[in-house]
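**Student:** Sequence:
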Amino acid sequence: MMDKSKKVGIAGGIAFAYVGTVVGAGFASGQEVMSFFTIYGYKALWAILISSFLFTFVGTRILLLGMELKASSFGKLIDTMFGFLSPVINIYLLFSMMVINMAMLAGAGAMFQEFGKTSYLVGVTITALAAIVTIGFGISGILSINKILVSAILSFQIIIIVITLFAKNSFEGQINFVEASTIHLIKQGISYASFNIIFSTGVLARLGQEFRDRDVLKLGGLLGGSILGAMLLTSHYCLLAHIPYIFDYEIPVLYIISNKSSFFSILYSLVVWGAIFTTLVGNLFSMTSFFHDRFGINHIITATLIVCLASLLSFLGFSSIVNTLYPIVGLIGVIFIVGIFFYTRKVKK
Numbered sequence: 249m250m251d252k253s254k255k256v257g258i259a260g261g262i263a264f265a266y267v268g269t270v271v272g273a274g275f276a277s278g279q280e281v282m283s284f285f286t287i288y289g290y291k292a293l294w295a296i297l298i299s300s301f302l303f304t305f306v307g308t309r310i311l312l313l314g315m316e317l318k319a320s321s322f323g324k325l326i327d328t329m330f331g332f333l334s335p336v337i338n339i340y341l342l343f344s345m346m347v348i349n350m351a352m353l354a355g356a357g358a359m360f361q362e363f364g365k366t367s368y369l370v371g372v373t374i375t376a377l378a379a380i381v382t383i384g385f386g387i388s389g390i391l392s393i394n395k396i397l398v399s400a401i402l403s404f405q406i407i408i409i410v411i412t413l414f415a416k417n418s419f420e421g422q423i424n425f426v427e428a429s430t431i432h433l434i435k436q437g438i439s440y441a442s443f444n445i446i447f448s449t450g451v452l453a454r455l456g457q458e459f460r461d462r463d464v465l466k467l468g469g470l471l472g473g474s475i476l477g478a479m480l481l482t483s484h485y486c487l488l489a490h491i492p493y494i495f496d497y498e499i500p501v502l503y504i505i506s507n508k509s510s511f512f513s514i515l516y517s518l519v520v521w522g523a524i525f526t527t528l529v530g531n532l533f534s535m536t537s538f539f540h541d542r543f544g545i546n547h548i549i550t551a552t553l554i555v556c557l558a559s560l561l562s563f564l565g566f567s568s569i570v571n572t573l574y575p576i577v578g579l580i581g582v583i584f585i586v587g588i589f590f591y592t593r594k595v596k597k
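Residue numbers for the sequence shown follow my numbering, so the first one is 249 and each next one is one higher.
Just so you know, the hints here were simulated from the structure itself, not pulled from any lab data. In this text, all values refer to a predicted model and were calculated from it rather than measured experimentally. Honestly, I wouldn't trust all of these hints.
With a straight-line cut-off of 20 Å between C-alpha atoms, the simulated SDA-like cross-links for lysine to any residue are [as the list claims (entries may be wrong)]:
id: 1; residue 1: LYS395; residue 2: SER474
id: 2; residue 1: LYS365; residue 2: ILE499
id: 3; residue 1: LYS435; residue 2: LEU481
id: 4; residue 1: LYS435; residue 2: PHE301
id: 5; residue 1: LYS508; residue 2: ILE491
id: 6; residue 1: LYS416; residue 2: PHE495
id: 7; residue 1: LYS318; residue 2: SER334
id: 8; residue 1: LYS466; residue 2: ILE387
id: 9; residue 1: LYS318; residue 2: PHE543
id: 10; residue 1: LYS291; residue 2: PHE301
id: 11; residue 1: LYS508; residue 2: ALA489
id: 12; residue 1: LYS254; residue 2: SER392
id: 13; residue 1: LYS395; residue 2: GLY477
id: 14; residue 1: LYS435; residue 2: ILE298
id: 15; residue 1: LYS291; residue 2: ILE423
id: 16; residue 1: LYS318; residue 2: LYS466
id: 17; residue 1: LYS254; residue 2: LYS466
id: 18; residue 1: LYS508; residue 2: ASP496
id: 19; residue 1: LYS291; residue 2: ILE431
id: 20; residue 1: LYS291; residue 2: LEU433
id: 21; residue 1: LYS318; residue 2: THR328
id: 22; residue 1: LYS435; residue 2: ILE585
id: 23; residue 1: LYS291; residue 2: PHE425
id: 24; residue 1: LYS254; residue 2: ILE396
id: 25; residue 1: LYS291; residue 2: LEU488
id: 26; residue 1: LYS365; residue 2: LEU518
id: 27; residue 1: LYS508; residue 2: PHE414
id: 28; residue 1: LYS318; residue 2: PHE539
id: 29; residue 1: LYS255; residue 2: ASP463
id: 30; residue 1: LYS508; residue 2: TYR493
Computed beta-carbon distance windows for the label pairs [said to hold, decoys possible]:
id: 31; residue 1: SER517; residue 2: LYS395; range: 19 to 25 Å
id: 32; residue 1: ILE396; residue 2: ASP541; range: 24 to 30 Å
id: 33; residue 1: ASP541; residue 2: ASP463; range: 24 to 30 Å
id: 34; residue 1: ILE339; residue 2: TYR290; range: 37 to 43 Å
id: 35; residue 1: LYS318; residue 2: ALA489; range: 43 to 49 Å
id: 36; residue 1: ILE406; residue 2: ARG542; range: 40 to 46 Å
id: 37; residue 1: TYR503; residue 2: ARG542; range: 42 to 48 Å
id: 38; residue 1: ILE287; residue 2: ILE411; range: 17 to 23 Å
id: 39; residue 1: ILE411; residue 2: LEU553; range: 38 to 44 Å
id: 40; residue 1: ILE423; residue 2: ILE549; range: 52 to 58 Å
Think of the CB as a built atom: it goes at the ideal place given N, C-alpha and C, for glycine as much as any other residue.
Make a model of the complete structure from these sequences and hints.
**Tutor:** Structure representation (structure tokens):
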């Protein structure tokens, strides 16, 4: 039987793996938070609270279902919840994860090109090789890399908060936020959570199967959801404090650290890469686990094939992939969350 400190340590590792899978380049740049929440002003708080609740409840439920179903991949979860529809859902999920892998590699290439002053190909290649190596270490590799990179992301988040607290917004005019009904704000909260939760399913289900302790999994889900909620709230606050200037930036966080030392720019580029990498590795692990579970294919072989294909397709460009394919991906997340709620009620009965 595990002692309390070990349980807390494992729960913390689960929480960081959850956060790492959700927090990608869009979050680290501030663009996701701004487009989903900040443009609506202070009223967006309700949407953020809804997202935070869903991150906590659904994330915890996936962990517990992973334990109960002994799910070595997200496929077992989908089969149990959706029955005859599961092949369609599984294919859709795999397609969605492939889209994210393409987008993350494209983002890594663009980041190396812009911040590192190296070629796009170098950024894609380094990130792809690092992802394959991490997958080779299995679930322990996922947990270890997330402990390091998520710690760095959270530390940078604290730096942004401190900068914001001491910054003075010189704008004195009227700020016109986007008008939105309560229903629309609720929809924004659900959409943001569902879009991100769907990509953490594979990792969370496997963690539930790996650490078969209900208390540890509940604590891990609670911590992970709470951290994500806190990150959303603080990011929203920091962006609000710099309105309207952030609206002129493709990457809003760059405005916040502008006029600071070059150290912050270097640190920020590393944080963005870390956010890209944790999301890429999480999705890649979910896909390799699925193919290993269904067809017995080695994780490294699958990871190499997926990364090679995603690397080739990443040359479509980050913006093109996001604008064209991301909207298609969101729908399945809502269906999945509804499925989780209905399946939970069914089990309780």
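**Student:** Kindly indicate which numbered hints from before are broken by the structure, ordering the numbers from low to high.
**Tutor:** Hint check: nothing fails, all pass.
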